[in-house]
Amino acid sequence: MAVDVGIQGAMQDPAAVSGWLDHPPRMGFFTDTSVCIGCKACEVACKEWNQVPEDGLNLTGMSFDNTSGLGADTWRHVAFIERPEAGSDHGFRWLMSSDVCKHCTEAACLDVCPTGAIFRTEFGTVVVQEDVCNGCGYCVPACPYGVLDKREDDGRIFKCTLCYDRLGAGQEPACAKACPTDSIQFGPLDELRDRAQGKLDQLVEAGVTGARLYGQDPSDGVGGAGAFFLLLDEPEVYGLPPDPVVTTRHLGEMWRAVAVAAVGLAMAVGGAFIGGQR
Amino acid sequence: MNSSRVTQNGLVDTRPGREAPPGSGRPTGSASAERSRGGRRRRPIEQPRSYYGLPVLNSPVWESREIAGYFFLGGMAGASSVVAAVAQRSGRDSVVKPAKLAAAGGAMLSLVALVTDLGRPTRALNMLRVFKPTSPMSVGTWLLSGYAPAAIVAAATETTGLYPAVGMAASAAAAALGPAVASYTAALICDTAVPAWHDGRHEMPFVFVSSAASAAAGVGLLAASDADEAPLRRLAIGAAAAELATDRLMERRMDPVVAKAYHEGKAGTLLRAARVLTALGAVGAAAGRNNRQLRIASGAALLAASACTRFGVFHAGMASAEDPAATVEPQRARVSAGSAVGN
Ligand code: SF4
Ligand code: SF4
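Protein sequences appear in the order of chains V and U. Mapping of the first sequence onto the working numbering: position 220 corresponds to residue 220, and the numbering continues sequentially without gaps. Mapping of the second sequence onto the working numbering: position 41 corresponds to residue 41, and the numbering continues sequentially without gaps.
Hints should not be assumed to be uniformly reliable.
Incomplete in silico selection of chain V near chain U, CB under 7 Å [claimed, not checked]:
| no. | residue |
| --- | --- |
| 1 | GLY69 |
| 2 | GLY116 |
| 3 | ASP131 |
| 4 | ASN134 |
| 5 | CYS136 |
| 6 | ALA142 |
| 7 | ASP153 |
| 8 | THR247 |
| 9 | THR248 |
| 10 | LEU251 |
| 11 | ALA257 |
| 12 | VAL258 |
| 13 | ALA261 |
| 14 | VAL269 |
| 15 | GLY270 |
Source of the hints: derived by calculation from the structure; they are not laboratory data. Cβ atoms here follow ideal geometry from the backbone N, Cα and C, with glycine treated the same way.
Could you build the full structure based on these sequences and the hints that come with them?
Below, the structure is given as structure tokens:
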């Protein structure tokens, strides 16, 4: 039995905190939605490479989006949003964005996993080990972004691995490889953050309203995402939470309240029995 | 196809113009370019709260029968172990054995429920690979691994009369771990992104132990003789009062968008039923000094109330996970107020 104390607090080298002594730079994704053309090559490449099963051939009626959201069998999800906009060419503005697991610096899923199935790789990414997960399902509601889910006919939980196998072989993840516009960029996180800031400055200068980075800030509620985004509208428009906070930041308070309550219970029972005969 | 290569060392062979911002290719001076650059004609349009009204979170994959059922059984068992040990010390003999049996039965059913709810029940023992204080489920598994055998041995020795010394040690161990078993489940559900659970984190442990205490008082009232009922009556009344108060406090302290989950739908119905049953159980216990029948009825009401509370809290969480507004609105309010964690 190993004692895994998990990860809390702000830190910028999660791989080192998890015990990787000599590790490669932290790798991540920068998804620049301003150049996404909604071709779904990333979704397809991910399914192909990771052998992710088919998850229903549904017509949702949600623009061109027929996969709805991230889950056990959708590890890249392209969102399509038609925002009515007076004065634009077609009367609406079309937003497209390829969503993915954020590979959080402080990952709730990893913190709460009771089997140690979820671990931090040497690249600083967050991966579920299929051969360890027992499908307890705790990680599913722990994730503030709604990324993981249970594969019903399998019983275990699945999510993006940031192509751990490909990274190990010096390759980029399948989605980034397939993306024809470089909307999905893969690389060392530091470099991606610089590049994203440059792109944002360009857009602001060009007068593009609503452009913002999402998840690039190491001081945010998850300590910064390993996979972050350049969005053109509020995060919730894309189905992303505007200010997610890793739940385990509050775990100390919870344990304290639990301890007080437990002592209170013992004292209440004791008091009821001791307090007088009748 | 993509002509640039994204390598672990960054981007190589980039195409010229790949950084072109949208709109930069349009003929300058045209009306549309003017608009998109200056943003003059943009008018604020009502901000959708989510993507096509879909939830932001993925809902828990737990079954209510197993998991809410476990919260009830585990709480009842944990508190009953304390009742059994204290009753034994203070000579309330009619309560001791039933409380120990309830604790052992609750513990065994809890284990069955927990294993059944796993996606891969044959891998249940993977829980014992690690001990993680950051995971209330891990802490709980270790607690239960100590508690359940103790409660079972305590009941077995009490029933058979064999090995009284072992029995004493086992009941003491069960009584020591019982309160933790009854309360850690609050941290388990609050340590998630589910708004109705996470936002109740300061009060939930008190709601849960009150509910556990009233269930254990219920078990005691079912069994207690006229001579032994007094402590259980006091416990029942105290627990009921605490349950009604903490539950109210929890909902009052929450953002109304989140607290809604506790008032509506299945959760609302269950929690209203829990309040009525709790009140009835407490009144019955108070009036049942010399009336066994009434005590049995009120004991049953308290047990039912405790179960309704747990199922109600469980369903409130499910409903709030499915409600994008519960996730987005409090976060959006933080951002608008400039108090976002990311600021
Ligand atoms: S986005 Fe969710 S699944 Fe991905 S690392 Fe963060 S908490 Fe885990
Ligand atoms: S479902 Fe699997 S990966 Fe998720 S917390 Fe449980 S054991 Fe860990």
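Closest C-beta approach of V/LEU251 to chain U relative to 7 Å, hint status | holds, 6 Å
Hint check: is the beta carbon of V/GLY270 less than 7 Å from a beta carbon of chain U?
-> At about 6 Å, which falls below the 7 Å cut-off, the nearest Cβ of chain U leaves the hint on V/GLY270 intact, so it holds.
Does the nearest C-beta of chain U fall within a distance shorter than 7 Å of the C-beta of V/ALA142?
-> Holds - the Cβ of V/ALA142 comes within 7 Å of chain U, reaching about 5 Å at its closest.
At a threshold of 7 Å, is the proposed contact between V/VAL269 and chain U supported by beta-carbon distances?
-> V/VAL269 check passes; min Cβ-Cβ to chain U is 5 Å, inside 7 Å.
Should the interface hint for V/CYS136 be scored as holding, given a Cβ-Cβ cut-off of 7 Å against chain U?
-> Cβ of V/CYS136 sits 6 Å from chain U, so the hint holds.
May I ask you to test the interface hint for V/ASP131 with respect to chain U, counting a Cβ-Cβ separation under 7 Å as satisfied?
-> With Cβ-Cβ at 9 Å, over 7 Å, it is violated.
Under 7 Å, Cβ to Cβ, is where V/ALA257 needs to be relative to chain U, so tell me if that hint holds or is violated.
-> holds, 5 Å
Hint check: 7 Å Cβ-Cβ cutoff, V/ASN134 to chain U | With a closest approach of 3 Å, the V/ASN134 hint holds.
Taking 7 Å as the limit, does the beta-carbon of V/GLY116 come near enough to a beta-carbon in chain U?
-> holds, 4 Å
When the least beta-carbon distance from V/THR247 to chain U is tested against 7 Å, hint result | holds, 5 Å
Can the hint on V/VAL258 be confirmed by a CB-to-CB distance to chain U that is less than 7 Å?
-> holds, 5 Å
Interface hint for V/ASP153, Cβ within 7 Å of any Cβ on chain U | violated, 10 Å
When the structure is compared with the earlier hints, violations turn up for hints 3, 7 and for no others.
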